[in-house]
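A.B. asks: Spelled out from the first residue to the last, the chains are:
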Amino acid sequence: MSDKANSEAKPKNGSGEILMELKGISLRFGGVLAISDVSFDIKEGEIRAIIGPNGAGKSSMLNVISGFYHPQEGEIWFRGERRPSMRPHRVAAQGIARTFQNIALFKRMTTLDNIMTGRMTLMKSSFAAQALWWGPAEREETEHREKAERIIDFLGIQAIRKIPVGTLPYGLQKRVELGRALAAEPKLLLLDEPMAGMNVEEKEDMSRFILDVNDEFGTTIALIEHDMGVVMDISDRIVVMDYGKKIGDGRPAEIRNNQHVIDAYLGVAH
Amino acid sequence: MAGAQKRSKLATSMAHDLLTIPELLSRNAVEFGNAPANREKEFGIWQSWTWSEVKRETEDLALGFLALGVEEGDHIAVIGRNRPHLYWSMLAAQMIGAIPVPLYQDAVAFEMAYALDHCGARYVVAGDQEQVDKVLELKESLPSLRHIAYLDPRGMRKYDHSKIADLREVQKRGRAESEKFGPELARRRDRIKSDTTCVMLYTSGTTGRPKGVVLSHGNILEASRSSSEFDSLRQTDSVLAYLPMAWVGDFIFSIGQAYWCGFCVNCPESADTMMTDLKEIGPTYFFAPPRIFESILTSVMIRMEDASAIKRRMFKFFMDHAAEYGPALLSGERLSARNRLLYWLGDLCVYGPLRNVLGFTNIRVGYTAGEAIGPEIFDFYRSLGINLKQLYGQTEASVFITQQPDGEVYSETVGVPSPGVELRIDDKGEVFFRSPGTFEKYYKNPESTAAAKDAEGWVATGDAGYIESETGHLRIIDRAKDVGKTASGSLFAPKYVENKLKFFPNILEAVVFGNGRPFCTAVVNIDLAAVGNWAERNNIAFASYQDLAQNPQVYDMIHANVASVNESLSEDEKLAGCAIKRFVILHKELDADDGELTRTRKVRRGAIEEKYSEIVDAFYGGRDKVYLETEVAYEDGRKGSIAATLNIRDVKSTEALANAA
Chain A
1 MSDKANSEAK PKNGSGEILM ELKGISLRFG GVLAISDVSF DIKEGEIRAI IGPNGAGKSS
61 MLNVISGFYH PQEGEIWFRG ERRPSMRPHR VAAQGIARTF QNIALFKRMT TLDNIMTGRM
121 TLMKSSFAAQ ALWWGPAERE ETEHREKAER IIDFLGIQAI RKIPVGTLPY GLQKRVELGR
181 ALAAEPKLLL LDEPMAGMNV EEKEDMSRFI LDVNDEFGTT IALIEHDMGV VMDISDRIVV
241 MDYGKKIGDG RPAEIRNNQH VIDAYLGVAH
Chain B
1 MAGAQKRSKL ATSMAHDLLT IPELLSRNAV EFGNAPANRE KEFGIWQSWT WSEVKRETED
61 LALGFLALGV EEGDHIAVIG RNRPHLYWSM LAAQMIGAIP VPLYQDAVAF EMAYALDHCG
121 ARYVVAGDQE QVDKVLELKE SLPSLRHIAY LDPRGMRKYD HSKIADLREV QKRGRAESEK
181 FGPELARRRD RIKSDTTCVM LYTSGTTGRP KGVVLSHGNI LEASRSSSEF DSLRQTDSVL
241 AYLPMAWVGD FIFSIGQAYW CGFCVNCPES ADTMMTDLKE IGPTYFFAPP RIFESILTSV
301 MIRMEDASAI KRRMFKFFMD HAAEYGPALL SGERLSARNR LLYWLGDLCV YGPLRNVLGF
361 TNIRVGYTAG EAIGPEIFDF YRSLGINLKQ LYGQTEASVF ITQQPDGEVY SETVGVPSPG
421 VELRIDDKGE VFFRSPGTFE KYYKNPESTA AAKDAEGWVA TGDAGYIESE TGHLRIIDRA
481 KDVGKTASGS LFAPKYVENK LKFFPNILEA VVFGNGRPFC TAVVNIDLAA VGNWAERNNI
541 AFASYQDLAQ NPQVYDMIHA NVASVNESLS EDEKLAGCAI KRFVILHKEL DADDGELTRT
601 RKVRRGAIEE KYSEIVDAFY GGRDKVYLET EVAYEDGRKG SIAATLNIRD VKSTEALANA
661 A
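Chain order of the listed sequences is A and B. Here our numbering is used: the first residue of the first sequence is 1, the next is one more, and so on. Here our numbering is used: the first residue of the second sequence is 1, the next is one more, and so on.
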């Protein structure tokens, strides 16, 4: 699948403006240095992958971008402005949405309701108006429902619209989580191991969705993924981390031939 | 009722005036202008189009096709799931004298290649990117292909649009240039006559290459008219269009009868939502192959197993009552007051709610066909008060050959000849028919046409059967060419035995061998849903389908099923020689992608015998294990293989005798 997607549908992205720039990020947990002086940028409309062996600091990096961790050193520039240290919900309101490595959905809510929660940051009516479901609040909900339905259609999950997500198989839950992140209409979408634990077919579906999101909505995507085949196929540029440091940065072809990366993945004779 | 009077007046007046499907569309737009013609669920809401809207949409499409340069006699392939725009595309093609050719959307590219090349399709209307990709893959080998139009624009943005267009854009262009192409549309429309080709449908090809069956407007109209009258279908009926558009049945139900009667055709949101959509629509007229009725019944039973004890007992009590008296009540027999009261109570507590959950509340006429249906399954639905009937048909007959009239419904027959159909059974037992719906010809295949249809218009069905003397109904035994003899000279009818096996919920599919052999053997596919659930309840752990299939306890269960089939066969004088002596449970499900089933999910006997020749050799070589490596095709067309050692189980004939005694 992915080769086909690459060959016909994908002229190289990532020649656009810089959407986010990370400069000299260092993150410490007590005495442990999780990220050490890492800098890279994410351009408008590209698919940017962060890869690396276990414990390389990839998830920490994603958490820094989403505002969950605050780095002790370094600067984050988003859409041309330096971002002060802010809480995750403020980051979300700026247009950054994410999915989680261990699915974090509301298990007892339906697919539709879960996706609707993704639009919370975009709702303007007050709590009271929404509770009474009156006037503008009703119109607003109708609008949001329409957006949610478009996402359901896009992801092909009509059949599970009214089913509590807790009862769904893993692959579908992952898809619902992507739907919820998309519902926020993010400028930057962060995916934390979107294909972890999936079989080949599910991975292909998910790759197709990621490419389509990027293509149809023009959403910039930053993702962490272990499956090297998938990463090489779908991403425009790749950052490679190892022991908290950046050891490579470039297009898939360059990364494939980067000696540091090969060493990090295959091990070196010391 | 005024509407009914109007209908009958119409029916009589139009029989002679209206000759083509586009004419019916114009009539409907006038007579039932504001009544819904199509509905489709999209974005969670049912969108609907009235007959006058459908006429406008279709005409715009036809103009758009003219703008693309479609000529009379061009073939336009339509590939996709049931959606209003695709139905309209077929109508639009007819309006301008082109021939719609619906194809199976789940066919892989190389299967599609044959049909596209054979009909020389110049245009393709594809449902989505997946279908476009398949056609593009074949582009090199299709020199006559000029243009592709797609319906769902998702993922299509970056394709080269010089030869590909959004179907809605084509339609928009038609609307914009209606003055330019309007006169041409009118001219072309006037030239469509009763014998103009209405549609070309490819047979599923149980044997050999698929053949393109050419059906004229006259064929479709006559078949639709008489069958609509047979079941008193009316304008207020509604159907759910969910079966493949390439299948003749869908064309008759969703276009022929729908346009004749003016009833509403509803398209589901996606293939997976069919059951939910069925419940929301609650059609009055419903068709499903036995397989679907079977799987619905299986899922009901599985859900009941998990219900509370009180519910289970209530369900059992009332279902037993329904099994005894329901079918009689439906056939109009009189029951005692007590039984009527109990049935009424059952309807209140069980049957009504169950019908509602399944979406069968409003069904007036339900049909099944294509394969034999298990008597228990058939009776289950009838006992619930659902008027399920059987029909027997073929693409070559525009579906209808025989149908069961209301009140004369039997599980083992397929009914009496449909209105206008003549039946004949030759001395070898093969069934022949002659009817106004009889196809014109096989496209570019005069030899096959001549072989199938004789000078007097009689068509060989290829099925062996006989007319039951007490009921006058046709009963089909098997494919005529599959009926053979075992080495000992007794009659061998594999399908008859396979159907008996398949009536057990544990058995999804079975293939019986034995022609010219000393005894009969069977390859069995278990039903994962039913057997898996059984395993769960009995604490039998399994890792995969393959693992479950080779479980000794599963073997024991299937063994018991086979033995009871043998027992019932031993009671039949003619078919006693078909008793199964050895069987094996296959480690994979038979699949159309692997060439084992046709796209309509019929067993391809020859292909299976060839592919699994090692099993057959082991059967008759007396071995009790066989090692197999089988090639499987994934949905994206790639190939892989699975290996397994299968156990062969002997079913002793004494067992059958002991059981019989």
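Be a bit skeptical, because a hint or two may be false.
The calculated DSBU-like cross-link candidates involving lysine-lysine, where the alpha carbons are at most 30 Å apart (straight line), are [said to hold, decoys possible]:
hint : chain 1 : residue 1 : chain 2 : residue 2
1    : B       : K158      : A       : K43
2    : B       : K279      : A       : K162
3    : B       : K639      : B       : K625
4    : A       : K162      : B       : K193
5    : B       : K279      : A       : K147
6    : A       : K107      : B       : K279
7    : B       : K158      : B       : K41
No lab work stands behind these hints, which were simulated from the structure alone.
A.B. asks: Evaluate each hint against the coordinates.
C.D. replies: Going down the list of hints, with the structure as the test:
Restraint check: the Cα-Cα separation between K158/B and K43/A comes to about 20 Å, which is no more than 30 Å; the hinted pair holds. For the hint linking K279/B to K162/A, the alpha-carbon distance of about 14 Å falls within 30 Å, and the restraint holds. Taking the CA atoms of K639/B and K625/B, the gap is about 26 Å. The hint holds against a cut of 30 Å. Note on K162/A and K193/B: the hinted pairing is violated, with a Cα-Cα distance of about 49 Å set against a maximum of 30 Å.
About 25 Å separates the Cα atoms of K279/B and K147/A, which keeps this hinted pair within 30 Å; it holds. Under the criterion of a C-alpha separation no larger than 30 Å, the hint pairing K107/A with K279/B is consistent with the structure, at around 26 Å. A hinted pair counts as satisfied when its Cα atoms are at most 30 Å apart, and K158/B with K41/B qualifies at roughly 28 Å.
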